[in-house]
Amino acid sequence: MRPQDLLIPTPAGLFCPQGGFHIDPTRPVDKAVITHGHSDHARPGHGTVLATPETIDIMRLRYGDGFAGSTQAIAYGEAVEINGVGVGFHPAGHVLGSAQIAVEAEGLRIVASGDYKNVSDPTCVPFELVRCDVFITEATFGLPVFRHPAPAAEIAKCLQSVTLFPERTHLIGAYSLGKAQRVMALLREAGYRRPIYLHGALETLTRYYAARFDLGELKLVRGATKDELAGAIVLAPPSALKDVWTRRFSDPVTAFASGWMRIRARARQGGVELPLVISDHADWDGLIATVAATGASEIWVTHGAEEALVRWCELRGLEARPLHMVGYGDENESDDDAAGTAP
Amino acid sequence: MNRFAALLDRLAYEPSRNGKLRLLTDYFRNTADPERGVALAAMTGALSFRYAKPNLIRTLIAERTDPVLFALSYDYVGDLSETVALMWPSAAAGSLDSPALSDVVSTLAALGKADLPGQLARWLDGLDEIGRWALLKLVTGGLRIGVSARLAKTAVAALGGRKPDEIELVWPGLKPPYLELFAWLEQRGEKPTSSDVATFRPAMLSHAIVPDDFASLNPADFAAEWKWDGIRVQAVAGDNAAGEHVSRLFSRTGEDISGSFPDLIESFTFAGALDGELLIVRDQRVQSFNVLQQRLNRKTVTPKLLAEFPAHLRVYDLLVDGTEDLRELPFDARRSRLELVVQRLSQPRIDLSPLIPFADWEALARARADPAGAGAGPDAEAIEGVMLKRRDAPYVPGRPRGLWWKWKRDPFVIDAVLMYAQRGHGKRSSFYSDYTFGVWATDADTTELVPVGKAYFGFTDAELVEIDRFVRRKTLNRFGPVREVVHDPEDGLVFEVAFEGLQRSTRHKSGLAMRFPRISRLRWDKPPKDADQIETLEKLLPVDDVPISASGEGATHARKGYDKH
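Going down the list, the protein sequences come from chains A and B.
For the first sequence, the tail end lands on 354 under this note's numbering, and the numbers increase by one without skipping.
For the second sequence, the tail end lands on 627 under this note's numbering, and the numbers increase by one without skipping.
Among the clues, some could well be false.
Said to hold, decoys possible - From chain A, some residues computed to sit far from chain B (all C-beta separations above 10 Å):
#1 39
#2 73
#3 96
Said to hold, decoys possible - Think about it this way: if two alpha-carbon atoms lie no more than 25 Å apart in a straight line, the pair counts; the simulated DMTMM-like pairs of lysine to aspartate or glutamate are:
#4 237/A to 528/B
#5 168/A to 187/B
#6 601/B to 507/B
#7 225/B to 88/B
#8 168/A to 507/B
#9 536/B to 115/A
#10 168/A to 95/B
#11 366/B to 386/B
#12 237/A to 530/B
#13 237/A to 525/B
#14 168/A to 525/B
Claimed, not checked - Which bits of chain A does chain B cover? Going by a derived footprint, with three or more residues having C-beta under 8 Å, they are:
#15 153 to 163
#16 255 to 261
#17 268 to 275
#18 305 to 312
#19 320 to 334
It is worth saying that the hints were derived from the structure and are not from the lab.
Remember, predicted model here, so these are calculated numbers, not experimental data.
Yeah, the Cβ is synthetic: ideal placement off N, Cα and C, and Gly gets one too.
Modelling step: build the complete structure from the supplied sequences, incorporating the hints.
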């Protein structure tokens, strides 16, 4: 069997004809295999969903009980067989419950890695390297300018700012699934003991995380007094940073935890005063190290800066091609009023 | 270098002046000598070494990266230094050997041209992304982090609870790394003394007068002068211990701008300190500020520039005569001495700003309304109002209350339509507070709004909230942080915009640039179709106006480094 017969890029997502399933489908399908809970990968309305228990929980929290016809939970290290195609789940290190999916038939193994990172994260199981024939990689930060610094150093930068501006609220924009909770855990690792305040949109998922990880004392911004919030650290979805919601804070320092913050123009354009380069995606060095270590002879590049990664593979004598998948990218990189007046 | 890099990085993103001051003071407090002194020198422009050219940086990165990957990266990032800083191959973790800023600067000063590439590469190897970015900014000669020399000095002053003017007084005698300055501020040493004969004295500034103020003021207590629309400067000269004549020209904030005005400096054959206005005078006639602008901020002073824009100094105060400090004397006494000094000096490029005789406030109001008829003649074009100075007032640095008043001529006013709005920074980060507005332009068959300016102040906090609500409700399009708002003949928001003057500009689509535009009123009552036409503005243009170039010397930038009253 040729790799391109086992998995085919279609407008609905990667499709396995023999198994009859899609991976991270962008529109409702019969059988969906989901890598992780971010809204661009995990959408509601599928017939059946195969995913890790955490991803299924997260989808239920986001979309409600009827988000799929039926669900099947599968743990890391386990595999199921669908019409003679093996489907195995391995940790991707991206967010809680995130998985790489190993698709196997007739001795051919393709790993669809979804989104991944190969650096430590206190809020999820570390990335596991899976050797394979074809590795499907994301390329969100697929340019050599993206090299993420140590997250601890970025958190230290934030805490230093809190010390220097003790009367200003430090408002950190962070994606509501994974990044926000990772930032909370990193703050605790750095010894920050004061309550961390949350935008209401982060409440549900953070509560789910807090049941598994020690995130310290968490409070909602809603109900807190202006005095209490002066000098506090507040986490909010990125869209809320520019919203009227921020008017309740005194002279806030606007921070944003994202790999995009590596690029100055990006940070300035968003009005960010304290960019924190903390990413849940592999950086350039992480991408190329992983691509090389999988032993794959063929690399398929999905979403992001495909061109540069394909070029790098070619320089290394690896066969590589961009899949030109659409519909994937940063979740909640949405319009500036998306958070509306949510508390 | 790492601390300095972290400081630059943070300053580059910090929008507020107070925030910048806090960051700077914190740095100076927690950084050892000589690093902090070298950093201060870098920020005050006191360092001199041969800058690296962009081509050198390109060559270095080309030797280390794939050209295609570099091109893709540069295209994405859009800034050469930043791209190189980010994609420079990093040394193995833990092997970083970060150079000290002081070593970098002293090495650069001594380094031959041929040795620069190798040395630069070794430093880049030893730094992380932020460190490399800061180093490249330093060696290419453009920190551009929104910190003026004055701001850096203010931050240093705060270290010892001093006023920035106290730093200015001792500054001319100091050299990097300013060990004695920091020792004094930290109460470890004596106040540095300056043996320099041509030092800057902090300027005395005025308050804007409002109509209500006149009732409590007696005309007999005041002298009046024209308020010149030029650049406030201080001319200082004297003979040093070696018998050499030293001449300097300072901006209002104490920046030494002598290098840009060699033609004027030649005339400083006096000893003392003169306070006055820098103007361009052609054929005995003072030119408008638009003309002066074309002389300002030029990096190189060419003979052609000197010939076309001859610099002139019109003086109105005398702070030091010979070595005698006159600042404690009343205005009238200083004025008499000044008249003698100028007469004795007999330099064609230096003359006296005349007093305006007036009996009462009504008479002065008439002079203000018609400077040409009140003795200013053709120079009236360079007059932007009148100054009132208490006859018994000493020369007090800073902006003392009640001694000097400025009474500017009324601004121009037009009605324009809000077209685009952009979010502000800091406290205004959730508000659409920067506005682009336009007026109607009609050609053969179409009538459309053309943008004529931008303003981000003039309105109250309550009005800001109203405008913000309007912008959010009436958004047509979004471009990053910018929103296009409804601007139809029948639907839209009309601003009354006040501004100080108008000139031609090639950098704006309308071909016009406003000076100091601000929103003076919100005209919710007025439909956009009743806003002004472009012809109304064009009539306000000075007759002899020459377009300012698009090469970066537009109206809004013209006074960088130079300040008005």
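| Earlier hints that do not hold, by number | Numbers 8, 9, 11, 14 and 18, in rising order.
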